[in-house]
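Student: Now for the letters of each chain:
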Amino acid sequence: MPPTTKKAGRRRTLRQILGGVRRRTRRAVGKVRRVWRRSLQLQVVTSTLVISMTVVAVLGAFLFQEINESVVNGRARAAMNEALSDRTQILAALAQKQPEDAKAGEAGKKQPPHPLDQVLNAIAGVSENAPRLRYDLLVLNPHEPGRSRAIGNVNPADIPLQLSEYLDRDVKRQKFDQPHSWLTTIPVKGEPRPTLATGVVISVPGDTGIQNYELYHFFPLTQEVEMLTSVRQLLVVVGVGLVLLLAAIAYLVARQVVTPVRLARQAAERLASGKLDERLKVRGEDDLARLATSFNEMAANLALKIHQLEELSQVQRQFVSDVSHELRTPLTTVRMAADLLYDAREDFDPMASRSAELMQAQLERFESMLADLLEISRYDAGAATLDLDSTDVRDVVLRAIADSEALAERHSTRFELRLPSEPCMAEIDSRRVERILRNLLFNAIEHGEGKEIVVSVGADRDSVAVAVRDHGVGLKPGEDNMVFDRFWRADPSRARTIGGTGLGLAISREDATLHGGWLQAWGQPGDGSQFRLTLPRAAGLDLKGSPLSLVPPEVEMRRTWRGHMTPVLTPATGDLHDE
Amino acid sequence: MTSSRRALAAVLTLAFVLSCGCAVIPVGSPTAAEEAVGGDLTKPFVRMIVSPPRNDWTPRKVVEGMLAAMAAYPDDPTTLLQYMTQKARNAWRPVGPITVIDEPTFKEDNGAVQLTTNKIARIEDDDRYVSDGEKLARTFYLKKEAGGWRVDSGLENGLMMRASDVDRAYRPTLLYYLNGAQKPDGLLVADAVHLRLKPGENLAETIIERLLKGPSSALRGAVGTALTGNVGVDSVTATDDKVVISLSGAPALADTDAFKAQLRASLEKVTAAQPIDVLHNGEPYILGIQPNDAQAWYPSAKSPSYYTTGGAVHYTSPEGAGNAVNGQAGKPNGYVGQALSKDGDEVAAVGADGIYVAPVSPNGEWQRVMEGRLTSPSWHRDGSLWAFEKGSGAVLRRDPGGAPTRVAAPDLDGKDVTELRISRDGVRVAAGVGGKEVRVGAITGGSLGLMLGNFQRLLTVRQGETVKDIAWRDGEHLLVLVSGKAGQTLMEIDVGDGETATLTSDKRLDSIAALGPQIMAGTLDEATGGPAEILEFKDQQGWVTKVKETSQEPIFPLG
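Same order as they appear, the protein sequences are chains A and B. Taking this note's numbering, the leading residue of the first sequence gets 15, the next gets one more, and so forth. Taking this note's numbering, the leading residue of the second sequence gets 816, the next gets one more, and so forth.
Check each hint, because a few of them may be wrong.
Derived DMTMM-like pairs: lysine to aspartate or glutamate, alpha-carbon spacing no greater than 25 Å straight-line [claimed, not checked]:
1. B:958 x A:158
2. B:1251 x B:1231
3. B:1117 x B:1072
4. B:1084 x A:131
5. B:934 x B:947
6. A:203 x B:1024
By construction, these hints were calculated from the structure, which means they are not laboratory data.
Chain A extracted, bound-state conformation (with noise of 0.2 Å):
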């Protein structure tokens, strides 16, 4: 079913695309954090960005309203005085005569103009060469015919409610003096104009009664926008200069602080790494020139001290050395005594040849470890060497593997061999290798409860591995690591059965890494336990990874079942050989 497939093609490729955004949307995120958390700068710089933004917008919100309000009501103090001088000419120009009545003049001639076009012409400036009228207005009578006008192009329509309602509310309480004023936009060749309105009675007494005038003053306030639009520009432009400026100096600040901390953390990685020899250089007599000065003495009296356990430690091994070479004298005259006492034990009473017995197994075992005792003061020395040979791995497995068959039968352990067919060749100390087998292989008989032990061999171009699995006890948490310390012991209480010397796997470890290889463990309580060796191929080449597993196979298998991922392609090198 091919649209089928098809279909199934796309969605998976969807889904896979999905989830490689959303892979990368999470890796670059965990990059962002673990930048932001090691970098004391970043954090530094970006606390001030916010912070001086913050304090930056407040600021300039503030003072732009101060400005703005300033402005404004400038502007409206002069527009109230301009309205109140109109009001003045206009109301002495209506109170002088009453033009209401005047009769028509002679015929042909010209009569003047009335008195409020008189009075408004000259407002305008229309006769004079007066400056151009900054503003636009109206007067309204609507109680008397042809007694409204206007200068400029307004309309009764511009007239803000408010105002108008004031005028009216003034108008009632006979009270003409008070121009009010009132924000608002009128249009202009279509487009909204700011302009500030004020409006003022003027009450003009005639013949016929007292005449109510409506003024209003229309002021455009085109200019304080444009300057107030200037300002906020500048203010926006200084906002962010100035925030830009103050991340700059706390970069440069934190530059000043983060740099020696970055110096001295470098030497005391230095140091940690064993150059015991790292020192900072001291400049000034500062926080941080006293921080090197510290860190300085610290080195060095840090130094003296591992200098000084070095040398204790030297001390006892070689006491341990000395003391077991010494032993060994001894031994073998007790170990002669001993062999004839054992030899002769038939003869004795039971007793006596009981304690014979016991005597004779005691004293293998302090031979035995006095020899673990003497390998390892060698390791220590510096004085163990490799015999190498180019061997094939497979014939020390098996060889290892027959040492130990009489120790399994006694347990009644099996073993599965898992062997490749080809011959995996390797340059190693056959003995040494040997010896290391033949102490897994007794480790996961002792531990293995008698359940099957799997010895496997892998290799590839550059590596060879031994792994040895028993489904025993297992390991705890933390005791992959620890079951390589000398005289480790996974139970204590636990009595020994093969007489190991506790030093068994010490050695071990010691003839891997003499190898150049890896020797690791890996167990869980319950799911027993795995060993591996990986060895190179030839002496000196550097390890990148091994042929098999630490983790099992089907360990590994049963967590991806679980949906648990886990790296299962990784080499597991990290716990162990990082360092």
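With chain A held as given, fit chain B onto it using these hints.
Tutor: Positioned in the frame of chain A, the structure of chain B alone reads:
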């Protein structure tokens, strides 16, 4: 000085410097002056605002309010209708010329309001302002409705405005067009109109819009314009040092210099000295039109003056009498009505059987060019000679060296034309008809189908008066000498709006001639009735003797 003291001194210095720098207004430097916008061009104007009639208004107030609403009608066409009943609204149409009236008187009688006043003028649809002097009485009948009194009948179509409303809302403006002649002889011709100020538009915008619409009916077909096509005026903005005109549409520019002159002359009243830039759709179109760009396009007002004595043409001199001109024209003869051509090189005069022309040259001989009973000849600036043949009642025109041809003049055909004068710009024609009337028309139709048309009655004299002589002063002003019982009156009439001014009255005056500011008159001796001296009108004040010797009439070339 210790270090702490040094630090203190440094801090104080810094504080001082900062406090100086932070002064609110730093003094001691010049400030940039605020740009003054405008001048006359963008000056605001006072506009009538009208409100609907009120409940408590008397019929008279309603009629007054309606007059105000008529004055505001072009800005606000809705309010006027609220003064009318539905019936009046249905019947009334705002068509026809606007009647300009004097301040009216009202008589109110039981819902009827009688309005009595004088008609001053009318404003035609093409913005021409035509003077009128008739009485006007009209009765409006009002009806009481729910909202108060409303005008129900008595309305005539068209708007009626008081002169004061017209003064407020209209601006008399001279638009300048071209006389149609080719470049060296091209002149500006003024067309007088009354333009209504529009809210939201400045006067310059209104003027240019109207200029681009073409001349009024007085000059239709007689003048041309340099910019044609479908052109709109977007805006006219002015600063102290520049006026910018933005045009849109598809202009067709025939002659840049002529358009510059037209624009400059038409805007002369509103833009003083700033250069004008014209933009088309925001792109430069014509830049830097200077104030003197129109100068070369006005007719020259400088020319020697002449007079005749015994038919001989003489120059005037600073002392008065001067030498006779060369040739036969300078010799005494029996001819009358002498006229000089544009450059003063030819003299035309009326003889017994027609019109004779003599060149002003040492051997210039009189030569008859037109036959018949003719009015005094008048020269056109293109060299042609014009006269009215009284016998056939037709206008004759003769090109230099050609034969006279008849020019159609429907308005003058068969009339008793006593005077025919072509204006100096060669566009307008003034005619005295029957000694009672002066009409002004224009030479229309160009070289093909030339005719005299667009005649308007300019002046009708009163009973007992006669039009004795007419003379063009310049393209817009005509001098008319009217003789009455009390003596002669010299009037100056603006041909644009018909405005008449009486310059002076003097019993002696017999003939006139004028050129720009100069006015000269020939006189009759009161005792003998024969020719006396030549007078000059000085400083618009009074007459002074120009030529003492006995002389007949003064002459200026053309006009």
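Student: Next, verify each hint and record whether it holds.
Tutor: A quick look at each hint next to the structure:
1. The suggested pairing of residue 958 (chain B) with residue 158 (chain A) holds, with an alpha-carbon distance near 20 Å, which does not exceed 25 Å.
2. Proximity of residue 1251 (chain B) to residue 1231 (chain B) is assessed by CA-CA distance (about 10 Å); at most 25 Å being required, the pair is judged to hold.
3. Taking the CA atoms of residue 1117 (chain B) and residue 1072 (chain B), the gap is about 23 Å. The hint holds against a cut of 25 Å.
4. Between residue 1084 (chain B) and residue 131 (chain A) the alpha-carbon distance is near 22 Å, which keeps this suggested pair within the 25 Å criterion.
5. Taking the CA atoms of residue 934 (chain B) and residue 947 (chain B), the gap is near 6 Å; set against the 25 Å cutoff, the hint holds.
6. Under the criterion of a C-alpha separation no larger than 25 Å, the hint pairing residue 203 (chain A) with residue 1024 (chain B) is consistent with the structure, at around 18 Å.
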